[in-house]
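Student: Sequence:
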Amino acid sequence: MKKINVAVIFLACLAAVVQADNLGKPLPVHVVGRVVEEKMGKHETAYIYSWPGIYFEAVFTGTAVDVKLNDDQNILNLIVDDQPPVVLTKPGKTVYSVKNLSPGVHKIRLEKLTETQSTKGRFEGFYISQSERARKVKAQKRRIEFIGDSFTVGYGNTSTSRDCTTEQVFETTNTQLAFAPRVARYFKADYQVNASSGFGVVRNYNGTSPDKSLPKLYPYTLNDTSVLYDEKWQPHIIVIGLGTNDFSTQLKPDERWADREALRTDYVNTYKQFVKSLRAKNPKAHFILNASTNFQGEIQLQVEKVLAELNAEGETKIASIFFSGLEYSGCHWHPSVKDDEALATLLIEKISANPTWWK
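Residue numbering for the sequence shown follows my numbering, beginning at 1 and increasing consecutively.
Bear in mind the hints are in silico, worked out from the structure with no lab data behind them. A hint or two may mislead.
Said to hold, decoys possible - List time: in silico DSBU-like cross-link candidates among lysine-lysine, alpha-carbon distance up to 35 Å:
1. LYS338 with LYS284
2. LYS359 with LYS107
3. LYS141 with LYS42
4. LYS141 with LYS93
5. LYS252 with LYS188
6. LYS281 with LYS232
Work the whole structure out from these sequences, hints included.
Tutor: Rendered as structure tokens:
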């Protein structure tokens, strides 16, 4: 197995400006996740991103590669040849160089770990010398999408305490260790994680931001709702986990629902329409709706209604998973990495029992 010399991965500091002006040729990039592409020159492209779990991959023949970054908002993993990642914490505008690799074919991957709801990151490409050979990355044959809230994001999942400051939540959120990428890696599938902490189907956590919801945010490439997402992403399987924020807190007097039953009705109707809108764009996909059995089963009951009504209206490519028994030892009583492993196991078992979903 090829090994990377971690000591030669370095922040170019003042030399970064000179190096950035004298980079070699850009590598073709396999981008998975929602990005806005921006041309920087004849052959160079920048990728602007905000959703969780986004990653970039490239393959080349050579002994060195430069990684051009412009992100002072996120924590990123840099992975070469599937070796343990080098963690880049808010690297800013700079170039990282990986040198002294053994001659041959190498794969490099940059992935977003953290959640940023109001800011964006920017990746400006992988570069190799003119004498080295660029190769094209092959996309995985399988594709899976995860839509949800903080559970799907991996909110504070690496924390050793439930009590966390805002900064600690940021530092301990690792989407790449959450259940979604675990499931995708098991099946060797490309994946999108289109999730946002605190958002629900019709109601956000504790009634905040009443004009927003995950279905309203979902159509956009970035979190500023400026660019509609129109890529030809066609997942085989779509996993949706929404409802905790709708029902985990009591209604406030100034919220728009007269009572809890009105909230439930709105949730079921809106969730159904959201699934139908996804179905229109993904006519062959299989859906899995997942929910916790907590909160006296209120979320589960509403999801079961969504499922039953969709079935009655002719939807057949849809299933459900309801989970319990998690330890919730992450930040603010969120699933831990151990819980993410358990959730991934449930989904892996469900999908493995239905292999035709990938066809």
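Student: Which of the stated hints cannot be reconciled with the structure, identified by number in ascending sequence?
Tutor: Hint 5 alone not satisfied by this model.
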